[in-house]
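With the hints as a guide, bring both chains together as one complex.
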Amino acid sequence: MKTLTIEAKSAEEAKREIAKTLRIAPDYMRFEVETKKGLLGIKKTYEVTGYVDADPVDIGRTTLETFFKNLDIEAEVSVNVNDNNDIEYRIDTDENPVMIGKAGKTLEAIQYYIRNLVNVFTEGHQMVLVDIGGYKANRKKQLEILATKTAKEVARTKVPVKLDPMNAYERRIIHTKLSEWRDVVTLSEGEKPNRYLVIKPKSS
Amino acid sequence: MAVNYEQMIHDLVKPLVVNPDDLVVKKLSDDGNIIAMQIFVHPDDLGRVIGKNGRIANAVRTIAYASASREHKRITINIESF
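Just so you know, the protein sequences line up as chains X and G, in that order. Residue numbers for the first sequence, in our numbering: 1 to 204. Residue numbers for the second sequence, in our numbering: 1 to 82.
No wet-lab data here; the hints were simulated from the structure. A quick note: this is a predicted structure, and the numbers were derived from the prediction, not measured. Using N, Cα and C, we set each Cβ at its ideal position, and we do this for glycine too. One thing to keep in mind: the hints can contain errors.
Label-pair distances were calculated between CB atoms; the ranges are [stated by the list, open to error]:
{"no.": "1", "chain 1": "X", "residue 1": "Tyr51", "chain 2": "G", "residue 2": "Ser81", "range": "25 to 35 Å"}
{"no.": "2", "chain 1": "X", "residue 1": "Tyr51", "chain 2": "G", "residue 2": "Gln7", "range": "28 to 38 Å"}
{"no.": "3", "chain 1": "G", "residue 1": "Gly54", "chain 2": "X", "residue 2": "Arg23", "range": "14 to 24 Å"}
{"no.": "4", "chain 1": "G", "residue 1": "Gly54", "chain 2": "X", "residue 2": "Lys69", "range": "25 to 35 Å"}
{"no.": "5", "chain 1": "G", "residue 1": "Glu80", "chain 2": "X", "residue 2": "Asp183", "range": "54 to 64 Å"}
{"no.": "6", "chain 1": "G", "residue 1": "Asn53", "chain 2": "X", "residue 2": "Ser188", "range": "18 to 28 Å"}
{"no.": "7", "chain 1": "X", "residue 1": "Ala137", "chain 2": "G", "residue 2": "Gln7", "range": "29 to 39 Å"}
Result set (DSSO-like, lysine-lysine): computed pairs, CA atoms no more than 27 Å apart in a straight line [what the hints assert, rightly or not]:
{"no.": "8", "chain 1": "X", "residue 1": "Lys20", "chain 2": "G", "residue 2": "Lys73"}
{"no.": "9", "chain 1": "X", "residue 1": "Lys20", "chain 2": "G", "residue 2": "Lys26"}
{"no.": "10", "chain 1": "X", "residue 1": "Lys102", "chain 2": "X", "residue 2": "Lys158"}
Isolated chain G (complex conformation) (with noise of 0.2 Å):
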């Protein structure tokens, strides 16, 4: 069982934007325990996929650290607008 968190954390984000092809979410590092993803999006799409006081970026980060709490590893997240 190899999860593709990439593609997870993608299809999470991707519904709630206006432009889906600015969308990109990139595996920063993976040292086998800890993985560091990075979410690009479209400057108009920062503050929805943020929300008020960041708290649906929070429950996209209580998601994917549940699910990779399963193959026991931890994932960061972090958002940000190009």
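Isolated chain X, as found in the complex (with noise of 0.2 Å):
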């Protein structure tokens, strides 16, 4: 938990400057002041001790509730911490489609703020991934078949087969999926957002 003690003049500057010094908003914080006694009984100052009081995950939860609300859609968020201690969130909402977007882009947005938002209130780095509907679980069940397939075909014909533009996370499904695979390689080529995959035989 972050924490962190300030000696000042007034108890509101003091958590004013521990406020900015962590960069968390005072509400999300607890304090404790001890007034200090200056030499001769005169000169008061503050020792005020601020400490983070929220929990990362649950701001996240509460943040995409407040979010469906807000928009009047039904939602359904459920968290889970998986094997490798990345936060999950599962969403399900009755209009999964727009929330997931054209080739998975609203979900990616969601991903990438709520990753940040966590991260704010977390010591050290805090991987968060989100998921709505079962969309990514079921994109990589077709990415893997996908991955098959092409290979079989690349050994079978000896010529590399470029696939579609791909995000890094689809990249690493089919790398991952190919990497034990004895006659062919996999490579990403290009620039993001158009960096793309290739499956080429193995030269042998």
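This is the structure:
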């Protein structure tokens, strides 16, 4: 938990300074104030300690729930911590396609936003994943099928095949799927956002 | 169904900032199709709301854009500090 102690002439000033240094709003902190008398008992100072009193996981969940409520969308948000200690938000709404977006663009934006939000309140970097209506899980399955099918083709014809541009996460799924194949190699080429994967025959 | 986009954007940005009292989200114009939004934040919070290479700002834009598309509207968001 993030914590900081600062001494100042007024308690309010100390609280502001703590919030500014820790870069967390006072609303998310708990403060302990200790009054310190100076020599002769004239100059009073305040020693204030601020503790971050907020659960990053809860903030993420509440923010998502508020978002869907604002849009008048019925939504279920559940949280799970996986084996790699990643926080996973699983969302199911009555308007999943809109929230997933074309090629998962909106989902990607929601994940990026939530990841940054959660990391405001964590010590060190926390991996955060978001899925809507099982989109990512399905997409993974599809990509693995595509990878296997294309790899078989490449192994048979000995002709390299370029796949459509994909984001890093999707390319990784294919690289991983084909990493143990003996007769093909996978490479990423081009620049974001048009970076794509090539499956080549292994020259042996 | 009338969505309050000011409220929605406000609720998305508020937990990110250190100075929530200085956060203002205003609708500049709404011609029925295109809604122009303006976000004002404390100068100390500008970096966090915009993010590296503007990525957080763009994520918020994408989210707002999708949200408005449900009502066949388009949202543009401008972010500034005062």
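Fill in: In rising order, the numbers of the hints this structure does not comply with
8, 10
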